[in-house]
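Q: Next come the chains, spelled out residue by residue.
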Amino acid sequence: MSNSAAGLLVALVGNPNTGKSTLFNALTGLRQRVGNYPGVTVARKSGICDLGDGRKVELLDLPGLYSLAAASPDEQVVIDALSGNIVGARRPDAVVLVVDATNLLRNLFLASQVAELGLPVVIALNQADVAKEQGLRIDTGLLSRRLGGVPVVLTSAWQGEGILDVRRGIARALTEPAPMKRVSWPTDIAGALAEVAAAAAADTGRPITEAEAQRLLFDTNPSTAERLGWALARREKTLRVARDRVRHSGYNPMAAEPLVHYAHLRLILEGVVAEGLGKAGRSAAVDRLLLHRFLGPVLFLGIMLGFFGSVFWLAKFPMEWIQAGVDWTKSIVAPPLDAYPMLQSLLADGIIGGVGAFLVFLPQILILFLFIGILEDSGYMARAAFIMDRLFSWCGLNGKSFVPLLSGFACAIPSLLSTRTIEDPKARLATAFVVPFMSCSARFPVYALMCAAFIGPVYGPGWQSVVMIGMHCVGLLFAVPTAFVLTRLVLKVKPQPFVLELPRYQMPKSRDVLWRMWQNAAEFVSRAGTVIFAITIIVWALSYFPRDPAVAERIQAAHPTAAPEVVTAKIQAAYVEQSYMGRFGKAVQPVFDPLGFDWKITVGVLASFPAREVIVSTLGVTYSVGEGAEADSQHLRKAMQDAKWSEGPRAGTPIFSLAAVLALMVFFALCSQCGPTVATLAQETGGWRWAAGSFVYMTALAWLAGTAVYQVVSRLS
Amino acid sequence: MNLEAVIVGAIIGVAAGWLIRRWLAAARRRKEGGCAGDCACATKLKPKK
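From first to last, the protein sequence lines stand for chains A and B.
Residues 286 to 1002 (this note's numbering) make up the first sequence, in order.
Residues 2 to 50 (this note's numbering) make up the second sequence, in order.
By construction, these hints were calculated from the structure, which means they are not laboratory data.
Watch out, some of these pointers could steer you wrong.
Said to hold, decoys possible - Derived, one-sided and incomplete: chain A residues facing chain B with beta-carbon distance under 10 Å:
hint: 1; residue: G433
hint: 2; residue: A624
hint: 3; residue: T815
hint: 4; residue: I823
hint: 5; residue: V851
hint: 6; residue: L891
hint: 7; residue: P895
hint: 8; residue: A964
Stated by the list, open to error - Pairwise CB distance ranges (calculated):
hint: 9; chain 1: B; residue 1: G10; chain 2: A; residue 2: G314; range: 43 to 53 Å
hint: 10; chain 1: A; residue 1: V836; chain 2: B; residue 2: N3; range: 14 to 24 Å
hint: 11; chain 1: A; residue 1: Q926; chain 2: B; residue 2: N3; range: 31 to 41 Å
hint: 12; chain 1: B; residue 1: A11; chain 2: A; residue 2: A936; range: 23 to 33 Å
hint: 13; chain 1: A; residue 1: L590; chain 2: B; residue 2: A11; range: 34 to 44 Å
hint: 14; chain 1: B; residue 1: A11; chain 2: A; residue 2: F894; range: 44 to 54 Å
C-beta atoms are modelled at their ideal positions from N, C-alpha and C, and glycine is treated no differently.
Between the sequences and the hints, there should be enough to build the whole structure, so can you do that?
A: Structure follows, in structure tokens:
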């Protein structure tokens, strides 16, 4: 990073859903994912913030949390970061506490705990526009004085208001550090804290801060004691005696901390907030409709139908333009290489055919993320989580599981990381196990290809959307019973209440939505230009070699009167069949025969185990090579529509029948075909046992479900 | 061996080598407690012992 990294470090801390990430973006100009439901920040995010006085500081965006009593791993990260207990990172020089201006008392509880760490503090009262709309008037001067002179500023990060004041506040906090007014503990609690600090210091041989003593006394979670190296045998008696002392003073030791803090805050906030007449009820009125017991799920289904229908409809023409661009590139690249058929096939069929088949889906991916961005930023996604919770809570999943499960529809990897917000390790494990069932965006091109080629043209665009939604639900249908068995019978997870803060509805900010769309498009194109590019070259090589001239001679001799283009096509098809890929596909094909897959689909399925979207480029290569370099204008869809079984009882019938297409989509909906996901699951569950179990379970389930779909649909049709 | 075969062989070799290097790098990052994805997107914070 720049010279500031060696200089000053400022941490951004706050409750979830206070607009912390939006404020971080506004202060640093650096983009990060801005979600509208709690728990979106789980990784370390930092950027450079210019204070406007010639100084630059490194700003660290920490995960959102409600208190310093760490219950989940990401909350522990915040405490470690603020205490300077992170390897390779030092203690921040100041903290910006992002506080929801509409809910000062609850949000200032965390601020009051952070004050115990003795760090210079800036209080940013964010969402000031909403507070104003609700008729709340906050006396920031009085609040600042009551808090001991710490800078208190009103901001609306969403509207870009008050950002300069936050910069000035940070500059002031760093130049004239004013510690925030701390809680005065009742005598017995203060005595108990001193006893704990003295005993821990004596046993561990290191000084114990007041904040550490509070965590030791008030938390049931032993993480602080373990980090300090205070052995259970030594701490047990001290903590029991200290907690008894708290109990004798009239406080429950587990509730003493919030009770004392809230009493302290009520005194501070007296007269700070004046309530006027506002428009607080607008979101509530919309929610009465969107969260209605019966209407809510119906409207949710309607929104999803419109969502997927629009993805197809809006992307139709841009996809055709990209396809035309791919064909044009082929027509430019291939002819000059007529004298070099091997190189010509590598470039035209392998690289352009394979990468092009994948890139064609860029418009759909763009529109998909545009809609996801609108749903998230408008506040509807949190309502969707609420509706889903009502539908699926019976399966025993922890309430907090729904945020990772919902974000799993974009990508399983960040979803698996976000399971760290779940306190109960067993519930976290169960959630992580079912996250890969969610239909991630990498499955989308597979469904889109199949629907556009076989469902839309035959059954109409309406069915295209229905099948798309159906495929996105297949994963959920299997995830729910899997979670039920895991949580109720295997892991025996205790049910926990689901507390989800519903954000107010707001007009999505085009800048944030478009930026996220751009980020996902860049990721998609970068994947096409790197991993997909390299894999298509390997797939091409395996489906091109070996090339025995005797094959061509044999076919020419067998068809002496056939037209040259017919003979060429037969030779190309024979070459692909006897290639390494062809031989391998044919050897393995019997395993996938019950699903109606021919050897080419089998090859595509096997090549997709490291990354499922590879099937599109693999089919692009195998069908391109089979058609020969002359087939420039042949789209993958057309080649697949024309493909027929050449032997066996199905000879002459289409390979991609309705039964085979549905079986292929169901197989992809359920199969564990993502190397990074399996690796992340292993990392998050602390070993390969659960990751291997997930891989075997999902793959076996995919095969069984695909077989059932093919056998049933082929008999019915 | 002709020039065409050498060029095609080199392209295939570079592609295979790049993929193997990328997967090895991801495995190393995982071992060091970093992001397990192959995108190097996040840095995991490790508490001091």
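Q: Minimum Cβ distance from T815(A) to chain B below 10 Å?
A: Constraint on T815(A) satisfied, holds at 8 Å.
Q: Do the Cβ positions of A11(B) and A936(A) conform to the proposed distance bound of 23 to 33 Å?
A: Hint violated: Cβ distance 41 Å, outside 23 to 33 Å.
Q: Checking hints one by one. Is P895(A) an interface residue toward chain B, by the C-beta closer than 10 Å rule?
A: holds (8 Å)
Q: Quick check: does the Cβ-Cβ distance between L590(A) and A11(B) fall within 34 to 44 Å?
A: Violated, since L590(A) and A11(B) (Cβ atoms, about 50 Å apart) do not stay within the stated range.
Q: In this structure, is the beta-carbon distance linking V836(A) and N3(B) contained in 14 to 24 Å?
A: At 20 Å between Cβs, range holds.
Q: Go ahead and decide if the range 44 to 54 Å is satisfied by the Cβ distance of A11(B) to F894(A).
A: violated (27 Å)
Q: Hint says 43 to 53 Å; check whether the CB-CB distance for G10(B) and G314(A) agrees.
A: holds (47 Å)
Q: Hold the hint about A624(A) up to the distance rule: shortest CB distance to chain B must be less than 10 Å.
A: holds (9 Å)
Q: Was the hint right that I823(A) lines chain B, CB cutoff 10 Å?
A: I823(A) check passes; min Cβ-Cβ to chain B is 6 Å, inside 10 Å.
Q: Would the hint on L891(A) stand, with a C-beta cut-off of 10 Å toward chain B?
A: Interface hint status for L891(A): violated (16 Å vs cutoff 10 Å).
Q: Going by Cβ atoms only, is V851(A) closer than 10 Å to chain B?
A: violated (27 Å)
Q: Starting from the hint 31 to 41 Å, judge whether the C-beta atoms of Q926(A) and N3(B) obey it.
A: 38 Å Cβ-Cβ, so the 31 to 41 Å window holds.
Of the numbered hints stated above, those contradicted by the structure are hints 1, 5, 6, 12, 13 and 14, listed in ascending order.
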